[in-house]
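Listed in order, the protein sequences are those of chains A and B. Just so you know, we're using my numbering here: the first sequence kicks off at 8 and counts up by one. Just so you know, we're using my numbering here: the second sequence kicks off at 8 and counts up by one.
Treat the hints as calculated values from the structure; they're not laboratory data. Keep in mind that the hints are not guaranteed to be accurate.
In this list, chains with the same sequence are indistinguishable; a pair is considered to hold if it fits within one copy or across any two.
Derived pair list, reagent style EDC-like, types lysine to aspartate or glutamate, alpha-carbon separation capped at 20 Å [as the list claims (entries may be wrong)]:
| # | residue 1 | residue 2 |
| --- | --- | --- |
| 1 | LYS76 | GLU27 |
| 2 | LYS74 | GLU27 |
| 3 | LYS66 | ASP100 |
| 4 | LYS110 | GLU86 |
| 5 | LYS119 | ASP70 |
| 6 | LYS110 | GLU48 |
| 7 | LYS88 | ASP31 |
| 8 | LYS89 | GLU115 |
| 9 | LYS74 | ASP31 |
| 10 | LYS88 | GLU45 |
2 protein chains.
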Amino acid sequence: MEDHVETSILFDFYESLFTEKQVDIMNLYYNENLSLAEISEITNTSRQAIHDIIKRCNKQLLDYEEKLKLMEISRNYNEMKKSILQSLNDIRDEYSDVSLIKKLEEIEENIKRVL
Amino acid sequence: MEDHVETSILFDFYESLFTEKQVDIMNLYYNENLSLAEISEITNTSRQAIHDIIKRCNKQLLDYEEKLKLMEISRNYNEMKKSILQSLNDIRDEYSDVSLIKKLEEIEENIKRVL
């Protein structure tokens, strides 16, 4: 199985494309970290079926990411956002003009609110 | 059928999730603006089948957007981006400090490059 944390993050992007049962099982496995046996008992489904569902969801998940790249785009975006905020912060540290600082702070707030 | 331009824009976001045949037909209909009869002739498929494929793709497209909201997110994001760029531009117009203006221009360039 894939790395739990990575899969859990990836699943957040595409969760809406899965069925309720798939979402339940994926959450129990990747977020609650339950074993196949525990999930099998809770959901009244065979251990083998749970295993197959998780495997199929993983395959589907990687396929969605390969096609839509939502996680990749989001990561690149967040890095760029961090760097832009840092640059604005550097200007604020360098200048003492109160009006300028206020304006830059407002822009930073807007950038933080985006996505 | 849905509005052509709107559907064409929406399809750009989710095209990768459709089959090659579906993509071909959707492009001929929504981008090249061919009639069902023309598409039927080009693709050697019955007019009724073309109609059904376009209808099914539209349904699927609206379902994807309802779930992932990529177009909605992208539009909100672009509006916010425009407003942030305008604010940075206003500061540049107001101040004459060459070093400050250069720094702000660099930030604007970075913001334009994001997504």
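Outcome of the hint check:
Proximity of LYS76 to GLU27 under the C-alpha cut-off of 20 Å is restricted to the inter-copy arrangement: shortest distance 19 Å between copies versus 23 Å within a copy. Proximity of LYS74 to GLU27 under the C-alpha cut-off of 20 Å is restricted to the inter-copy arrangement: shortest distance 13 Å between copies versus 23 Å within a copy. Taking the shortest Cα distances, LYS66 and ASP100 never come within 20 Å of each other, neither inside one copy (48 Å) nor across copies (52 Å). Only between protomers do LYS110 and GLU86 lie at most 20 Å apart by alpha-carbon distance; the minimum there is 19 Å, versus 23 Å within a single protomer.
In this assembly of identical chains, LYS119 and ASP70 lie within 20 Å of each other by CA distance neither inside one copy nor across copies; the values are 30 Å within and 29 Å between. In this assembly of identical chains, LYS110 and GLU48 lie within 20 Å of each other by CA distance neither inside one copy nor across copies; the values are 57 Å within and 60 Å between. For a Cα distance limit of 20 Å, the shortest separation of LYS88 from ASP31 qualifies neither inside one copy, at 33 Å, nor across copies, at 36 Å. In this assembly of identical chains, LYS89 and GLU115 lie within 20 Å of each other by CA distance both inside one copy and across copies; the values are 10 Å within and 14 Å between.
Taking the shortest alpha-carbon separations for LYS74 and ASP31, only the inter-copy value of 17 Å comes in at or below 20 Å, while the best intra-copy value is 24 Å. Taking identical chains as interchangeable, the C-alpha atoms of LYS88 and GLU45 are never at most 20 Å apart, the minima being 41 Å within one chain and 47 Å between chains.
In summary, the structure is inconsistent with hints 3, 5, 6, 7, 10 from the numbered list given earlier, while agreeing with the others.
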